[in-house]
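Asks: Residues per chain, in single letters:
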Amino acid sequence: MFSGFMVNAWIVATMVAVVAGIIGFFTVLRGSAFVAHAVPQAGFAGAAGASLIGVSTLAGLGTFAAISALSIGFLGKRGRHDAVTALTLVFMLGLGALFLSWSEEYASAIYALLFGEVLGVSSNQVLATAALGVVCIAAVVILYRPLLLTSVVPEMAEARGVRTHRMELCFLVVVALVTTMSVPVVGALLMFSLMVGAPGAARSFTDKPLSALSLSVGISVAIVWTAIAASYETDWPVGFFVGVLGAVFFIAGRGWVAWRRSAAGRVDSTGHLATGPMQLATATGMNGEPT
Amino acid sequence: MDAVLTSIFEPGFFTSEPVRVAVVVGGAVSLVSAVVGVFTVIRGQSFAGHSLGDLGTTGGAGAFLVGANPLWGFVTFAIIGAGAMELFGARRPRGRDMATGIVLGAGLGIAALFLYLGTTQSNTTGATITILFGSMFVIRASMIPVFALLSVLALAVVALLYRPLLLSAVSQDIASARGVPVRVVGALHLLAMAVAVSLSCVTIGAILSTAVLIGPAAAALRLTKRPGLAIAWAAVIGLAVTWLGILLAYDSYYWPPAGRGWPVSFFVVALILVVYLLADLANGQKARRAGPRAIASDKGPGVVAGRAWPSLPPEPGAE
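Here the protein sequences come in this chain order: A and B.
Numbering of the first sequence is given in the working numbering, commencing with residue 1 and proceeding in unit increments.
Numbering of the second sequence is given in the working numbering, commencing with residue 292 and proceeding in unit increments.
There's no promise every hint is true.
DSS-like, lysine-lysine: derived pairs with alpha carbons at most 27 Å apart [claimed, not checked]:
no.	chain 1	residue 1	chain 2	residue 2
1	B	K516	A	K208
2	A	K77	B	K516
3	B	K577	B	K516
Quick caveat, the hints were computed from the structure, so don't treat them as lab data.
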């Protein structure tokens with residue numbers, strides 16, 4: 001399980017899991033799960049187009065991910081955010097379908113881009129993934145405070161002079177970067193499961209932003225490692241285990257909240273613990289409801 | 292005149308049996324989706340609408356695996372998915388967003404497994420593509436009665452729930468205060484959406500399913516804030532883009548580079564995007580003419596105050 005070609009798989013998957021845990025935390029906090037689903041799928045269309053005209057798939061992926069992220073950002077400023085995301089997504093997928101209808105061989109390449117081929121990662125891909133991952137994490141570290149503030153309490157951020165829309169665009173660009181980094185190795189669908197499942201579960205266990213962030217990374221890495229080991233043993237696709245484990249962790253988190261609530265003997269209508277220390281996030285409703 | 296018509300409608304367009312079925316079924320499906328979609332967009336559930344399509348696709352892959360009729364796979368999985376979303380989904384938009392994401396993530400994982408098992412057992416990789424992208428020209432005429440029945444079911448649900456749906460979209464609190472069973476109404480709407488989406492998924496594919504659900508409705512809601520009018524607009528736009536898309540796809544058979552026709556889905560989504568951008572532009576023009584006050588109120592309640600129900604909710608995500 002740890003020999004030869006498997007080493008690259010473990011390294012790349014761990015890097016992707018760490019980044020997914022971090023970016024996913026903000027994704028869930030901002031209620032942007034749809035964006036996290038749409039941008040990688042749009043990038044997939046770009047990769048299909050790039051392979052058609054013989055350019056590097058990474059370039060096509062990055063370009064399409066960036067275009068879709070920016071158009072969601074700009075169109076979403078005026079229209080309904082989720083509707084605009086859906087429109088961008090279907091248009092990009094439509095382009096993908098067009099590219100695929102032009103090319104001759106596609107079935108297995110598509111399958112790999114959607115569901116990933118983490119067991120066939122080359123050393124070059126490891127380097128590219130690492131470089132992009134470092135850029136993503138650096139961006140989040142630099143933007144940490146304003147990003148958290150606009151995610152949790154947009155009104156307060158606005159009052160403090162943070163430009164919420166500019167922050168949204170920055171966040172979307174980071175999502176596009178993560179997409180470019182992860183889709184070639186783990187696939188569009190698996191990345192999405194990681195970015196939503198792990199942080200969603202982590203938030204049930206703690207309301208403190210930093211602990212939730214670390215827990216999210218921890219759960220994400222645990223999911224990926226378990227999934228790879230299970231996939232190695234059973235030969236079933238990695239994406240299956242990641243998707244199902246994400247849901248299992250999420251349900252466990254919900255169960256934990258319910259248990260704590262009944263143990264504390266108080267009903268908190270928000271579905272989250274009201275007993276913890278009154279952190280910024282608790283006071284302002286990290287679960288997305290301004291009090 | 293004849294020459295112009297011939298160049299628009301390539302020879303055989305009106306006599307081809309697949310085209311006729313596609314025009315009827317595609318038109319009906321996009322009509323139902325557009326009407327249901329207006330409520331989906333108003334309630335901010337585009338993500339759920341898209342996810343139900345992907346979940347239906349999982350069901351389609353499962354049905355393919357066991358050799359059942361794909362339609363029932365699509366419908367079953369979409370309804371199970373809708374139930375799971377309703378179960379996990381908090382009442383707040385962000386909680387719902389996450390619940391949808393979790394259900395979708397699990398569904399996609401299962402889809403990966405089904406497709407894997409399907410390809411290893413039967414060695415037909417083409418099935419993946421057909422399931423994911425669908426094709427309007429492969430609808431069988433024998434399925435039309437079932438489709439019609441399910442379409443009527445979806446439309447009946449939204450017609451019966453018209454007022455409570457809108458009211459609970461505006462404010463869940465006001466709706467509950469007036470005695471609307473908010474959760475039941477929400478669950479029934481998800482059910483109608485699941486049926487509409489799985490119908491469109493199995494006939495026109497997952498991409499177009501989301502496109503005809505959200506696109507016409509989103510464009511219509513840029514044109515008008517009145518729900519009744521928006522439904523009419525969405526229906527017209529949905530039909531127009533689908534039929535025009537079919538026509539263009541038929542004509543494109545003679546186009547470069549491959550000489551075997553461009554996909555219908557590309558034309559339909561491109562047309563929808565154009566219509567949406569035009570509607571957005573018209574909306575901006577109208578707001579500018581009406582002056583700054585109207586622009587301000589465009590974002591919030593009060594636009595159609597004085598009507599039977601309160602105005603549409605402020606747009607989520609808009610500043």
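Asks: Indicate, hint by hint, whether the structure satisfies it.
Replies: How the hints compare with the structure:
1. Among the hinted pairs, K516 of chain B with K208 of chain A is inconsistent with the structure: their alpha-carbon atoms are about 40 Å apart, more than 27 Å.
2. This hinted pair checks out: K77 of chain A and K516 of chain B have alpha carbons roughly 18 Å apart, not beyond 27 Å.
3. Using a Cα cut-off of 27 Å, the hinted pair K577 of chain B and K516 of chain B holds, with the two alpha carbons roughly 13 Å apart.
Hint compliance for this structure: hint 1 is the single one not met.
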